[in-house]
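> Sequence:
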Amino acid sequence: MIGIFIVFEGVDGSGKTTQLSLLNKYLCANHIATYATREPGGTPLGEKIRELLLNPDFIDMQSRTEALLYAAARAQLVAQEIRPRLQQGTVVLCDRYIDSSLAYQGYGRGMDIDFLIKINQLGTGGLNPQLVILLDLPPEEGLIRSRKVGPADRLENEALDFHRRVRAGYLELARKNPDRYLVLDARESIQTLHQEICRVVGGMVGA
1 MIGIFIVFEG
11 VDGSGKTTQL
21 SLLNKYLCAN
31 HIATYATREP
41 GGTPLGEKIR
51 ELLLNPDFID
61 MQSRTEALLY
71 AAARAQLVAQ
81 EIRPRLQQGT
91 VVLCDRYIDS
101 SLAYQGYGRG
111 MDIDFLIKIN
121 QLGTGGLNPQ
131 LVILLDLPPE
141 EGLIRSRKVG
151 PADRLENEAL
161 DFHRRVRAGY
171 LELARKNPDR
181 YLVLDARESI
191 QTLHQEICRV
201 VGGMVGA
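Using UniProt numbering, you'd call the opening residue of the sequence shown number 1 and step up by one each time.
Don't read these hints as lab results, they were simulated from the structure. Keep in mind that the hints are not guaranteed to be accurate.
What the hints assert, rightly or not - Derived pair list, reagent style DMTMM-like, types lysine to aspartate or glutamate, alpha-carbon separation capped at 25 Å: (1) K25 - E140; (2) K25 - D185; (3) K176 - D114; (4) K148 - D114; (5) K25 - D161; (6) K25 - D95; (7) K48 - D60; (8) K48 - D185; (9) K176 - D161; (10) K118 - E66; (11) K148 - E188; (12) K118 - D95; (13) K118 - D57; (14) K148 - E51; (15) K148 - D136; (16) K25 - E172; (17) K118 - E172; (18) K176 - E51; (19) K176 - E196.
To be verified - Okay, the calculated beta carbon distance ranges per label pair: (20) D153 - I190: 20 to 26 Å; (21) R164 - D114: 18 to 24 Å; (22) Q121 - L182: 43 to 49 Å; (23) L182 - E141: 15 to 21 Å; (24) D57 - A159: 14 to 20 Å; (25) L45 - R154: 28 to 34 Å; (26) G202 - I59: 39 to 45 Å; (27) F115 - D60: 16 to 22 Å; (28) K48 - A207: 33 to 39 Å; (29) N55 - Q121: 24 to 30 Å.
Every residue, glycine too, gets a C-beta built ideally from N, C-alpha and C.
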């Protein structure tokens, strides 16, 4: 039995991590084998790459360097954790995946989308999620939320226009891929969002 791969996406501060954690608890309570992870990171190597990518000291990091580092961390995570667990029939929940690269480096930084797709498909062996849950939120609100949690990282320090392009990119990806996207208004209450996510995912996994 092959597992189910579910990804949470959204601008910074949209509540992805909170909703992923709640869904993880819901699935575990229903005795469904579940594994939760995040990007970049999820492996010892990936966490080291994460430190480089989010370090605000590296303001001169080139866009291509950034994209390749994300792809490298993703390749390691898929090979080491995600694919083996899917092959065991586990439900895998991931905080960000390939569409983050398309939204941030593609739409946000203006990199070639086809190039980003190619390097990520190469790195992941073509592994795509069955469901992408997009928590849509105006970036102005997301950045305020993020800065209440802690100091801004390198990407959060980008100009507001950058984050607006990222959000627009996500919505464009959702428009182009309606069969695998669930778009939710992240301004709704945590519980309302959780209930809708559980309704959709529960139908997929039989919970």
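> Against the structure shown, which of the earlier numbered hints fail to hold, in ascending order?
1, 4, 5, 8, 13, 16, 18, 22, 25
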